Amino acid sequence: MKINGYILAAAILIIAVFLSYFLHFYVSLGYGISNDSAIWGQLGDYSGGILNPLLSFVSIVLLIKSLTLQNEANITLRNEIKNSEKTEKIRSFESLFFNLINSQKNLFESFSIKFETGEDSVKVGGVQAVVRIEDEIEDMRSKGKNDEEVAAYLEELDENDQIFGLSRSFYIMVLMVTEKLSDANGFSFDDRRDHFMALINFTDFAQLRLIMICIQFSDYESCKYIRSSSEFKSVIEEVGLNYELY
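Numbering (this note's numbering), first residue to last: 1 to 246.
Keep in mind that the hints were calculated from the coordinates and are not lab data. Small disclaimer: the values here were computed from a predicted structure and weren't measured. One or more hints might be untrue.
[As the list claims (entries may be wrong)] DSS-like cross-link-like pairs, simulated, lysine-lysine; straight-line CA separation at most 27 Å:
(1) Lys143 - Lys114
(2) Lys180 - Lys82
(3) Lys82 - Lys145
(4) Lys89 - Lys114
(5) Lys82 - Lys105
(6) Lys65 - Lys180
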């Protein structure tokens, strides 16, 4: 019942008390209107004795209702403040997050690997370098080479730590999403999933394949961390990738 309803109920109670007095003494018993102040005093005692407890009860109900409404308003205000804080955290996080994605793109654009071809060597960069690495791994697999031998080849190939640098850059963003958007900071898996998905979608596909190669074969701490993240793994599998592509 709304507060206006309680006020209406109180008004009806007051009218009902005086109306019952009027009907009993004036209509039923035929008494007239008295000029005796004592009689009017008795009317006041009668009405006060009946109305005071009832009106006190209505007052208590109104007080409880008012406190309930105030509490609901406070809860709403706290939720709005919490949502505002979350929005501000997201805005601050995304500013850094997308700057790191741009830095990662620049890092991949400068990525190049020197491949030995007999007595000569050739330097290949970007997407073509990743394709060349994939071809070399496929050739090794066709010759029965195991994971350790592929890992040794990659370590020898990465003499300037460029593959390591790219994998570490990717790891930092996975780590940042996991820690900055944690449940303890007021976020959920859906928030982390959205940003994992953004990271995957904004990463060049060739670079993403190179990261998958690192995760599968390399023993870097950054790769171990990504392998151990069940949440990131679920998102990777959602887009059709996994850590056993090669």
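Okay, the hints, checked on the actual structure:
{"no.": "1", "hint": "Lys143 - Lys114", "result": "22 Å, holds"}
{"no.": "2", "hint": "Lys180 - Lys82", "result": "16 Å, holds"}
{"no.": "3", "hint": "Lys82 - Lys145", "result": "55 Å, violated"}
{"no.": "4", "hint": "Lys89 - Lys114", "result": "43 Å, violated"}
{"no.": "5", "hint": "Lys82 - Lys105", "result": "34 Å, violated"}
{"no.": "6", "hint": "Lys65 - Lys180", "result": "41 Å, violated"}
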